[in-house]
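There are 2 protein chains.
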Amino acid sequence: MIKEKSFYPTKKNLNKVPTLGDHNGLSKKDLKSDFAEISEKLGDLQELIFAESKHKVLIILQGLDTSGKDGTVKHVFAATNPQGLRVASFKRPTDLEARHDYLWRVHSQTPEKGEFVIFNRSHYEDVIIPTVHQTLPRKHIAQRIEDINAFEKMLVSEGMTLFKFFLHISSHEQALRLKARIDNPKKHWKFELSDLEERKHWKSYQHAYTDIIQKTHHKDRPWNIIPADDKDLRNYIISSILVERLEKLKPKLPQFNKETFARINKEIKKLL
Amino acid sequence: MIKEKSFYPTKKNLNKVPTLGDHNGLSKKDLKSDFAEISEKLGDLQELIFAESKHKVLIILQGLDTSGKDGTVKHVFAATNPQGLRVASFKRPTDLEARHDYLWRVHSQTPEKGEFVIFNRSHYEDVIIPTVHQTLPRKHIAQRIEDINAFEKMLVSEGMTLFKFFLHISSHEQALRLKARIDNPKKHWKFELSDLEERKHWKSYQHAYTDIIQKTHHKDRPWNIIPADDKDLRNYIISSILVERLEKLKPKLPQFNKETFARINKEIKKLL
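Those protein sequence lines, which keep their order, are chains A and U.
For the first sequence, numbering that gives the first Met the number 0 gives the first residue as 0, with consecutive numbering after it.
For the second sequence, numbering that gives the first Met the number 0 gives the first residue as 0, with consecutive numbering after it.
Next comes chain A alone, as it looks inside the complex (with noise of 0.2 Å):
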C-alpha cells in the first residue's frame, strides 16, 4: 500500500504538481488486484466501524469537473454497505439554503457516530467559486478559510476522522473526459454546458485550490492531493490512505460482559 504521507501538499503551484503517479513500481494488472484486496479491507472496516458505533468519518471529496468524484465514489466504496454509508452532493445552493450561511447544509450532513458520510463537494466550494469569478472582496474570502478551519477543527475535537481528497487532473485529461462524454451517447446526461465555460478559468481554479489547499490543512485534517488521470490509480491511492488511516482506530466489535452472555445463553437453550 502506498504511504499517506506522499499526498501531503507542497507549497508549489499545482500546476507543477503530478497529476499521474508512478504507480508506485506495481503494473495495471497488479494494481487492480492490489486495489480489489484493500477495496474489501475498506468494506470491512466500514462494516466494523458500524457495528462499534463509536467513530465517525467524514470524506470530502473536491476537483474540477470532470476529475472523478462520482467514479470514486462508485469504485472506492463498491465494496461497503450502504447500511452506515451516505452520499451527500453539494450542488448549486437551492433557495432554502442560500437563507442560511454556507456552513450550515453542510454542517447538517455530517456523520454521526458510526456513520461513512462522502461529501461530493463541499464547503470548499465557497471560497473556489468566489475566489475564481472574484465574487466575494477578498477580505470576505480571508473569513470564510478562517471559517472552514474553525469548523473542521471543531468536528475533529469532537471525534470526527477527517479525509480531505482533491483529485489532481491535468487540463489536457479533462479535454479528453469532456470529449468521452460527448461522444459516448450513454455519458451525455453527466455533460454540464456550464463545465466548457468553467474550463476557461483553468489556471485560476489551479491557483485557488493551491492557496486554500495550503490554508486549511492540518495534521490531524489533512489535504491529499490525489494525481487523478489515471483512474485506477486514483482509485488504489484513495483507499490506500483511507483503509491505512481508519486501521489506526482500531475498530472493534462490541462484546457482551460474561455475566449477560451466561443469562442469554441459558434463555437460549430454552429456545431449541
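Mixed in with the good hints there might be a few duds.
DMTMM-like cross-link-like pairs, simulated, lysine to aspartate or glutamate; straight-line CA separation at most 25 Å [stated by the list, open to error]:
#1 U:73 x A:246
#2 U:55 x A:96
#3 A:249 x U:191
#4 U:265 x A:182
#5 U:73 x A:46
#6 U:202 x A:266
#7 U:249 x U:43
#8 U:199 x U:210
Hints listed in this document are in silico derivations from the structure and should not be mistaken for laboratory results.
Got chain A; can you put chain U on it based on the hints?
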C-alpha cells in the same frame, strides 16, 4: 425470474403461509448464479434511474427481529451505487421525533427524483407495536391504518414507486438465528436483549401483521410476503421483484437535442 404475483398476501393467517419457498425448481447453485445476474441488473437500473432523475423509489422492509432486514440491505443492494441510494433506519423514536406525529420522521426521509431509499423498519412499526402491546386503543390503531393508506396513496399519486416487503420467517428459524448471534462473538453486536422479550409475543405479531398487510395492500402499493428462512432464496426473490417492476418504468438516459449536440461538439473539437 420469479413472478411477482406469487407473493401477494392471502387472507390466511401468516402462521399458515410458508416461510420456505420451493426454490422455483432451481438448485442452490443456480439460485446463486441467477441472483448474481439479477443483482447486476438491479445495479444498472438504479444508476439509470439516478441519471434520468425522474422516478422516486421507496423500498420498505418489515419483519420480525432476525428476519433479515440488514442482510437484505447488504446483499440485494450490493451492486448499486451509493450515490443515489440511501438507507433510513427507524429505531425507537428520539425525543425530538416523539414530539411529532409518527409520519413526520418517515415523510422527511422519502426519496427525491432519481433516488432510491430503503426503509429499514418504517411507519408500520407504529401500528404493529401498539397492537401487540396494546398501548393504544383499537380505534386509534384503526385510525393509523387509515392514515397510512392515505399517506401512501398520496406518495404514489405524486409519482412514488413503492415496494413493501414482509420478510417472513418461522419461529424455529428465529430461534436458530438468535442462537447463532450468541454463539458467534462477531455477531454479538446484533443481539438485542429485547429480542428475547419480544419473541414471547410471536403469535400476536403474526396476527398483527396478517391484519395490517391485508388492510394496506393495494395494487399500486402492494405487499410482498417473502419466504425468508433461506437467505439466498430471499435475496433472489426480492431482487427479482424489484427488477421486474423497475424495468416496467422504462428508464431512459437523458439525451441532448441535435442543435445543442452540434454546438457542444464544435466547442469540444477546439479543445484538443
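| So which of the earlier hints does this model not fit? | The structure conflicts with no hint, since it agrees with every one listed earlier.
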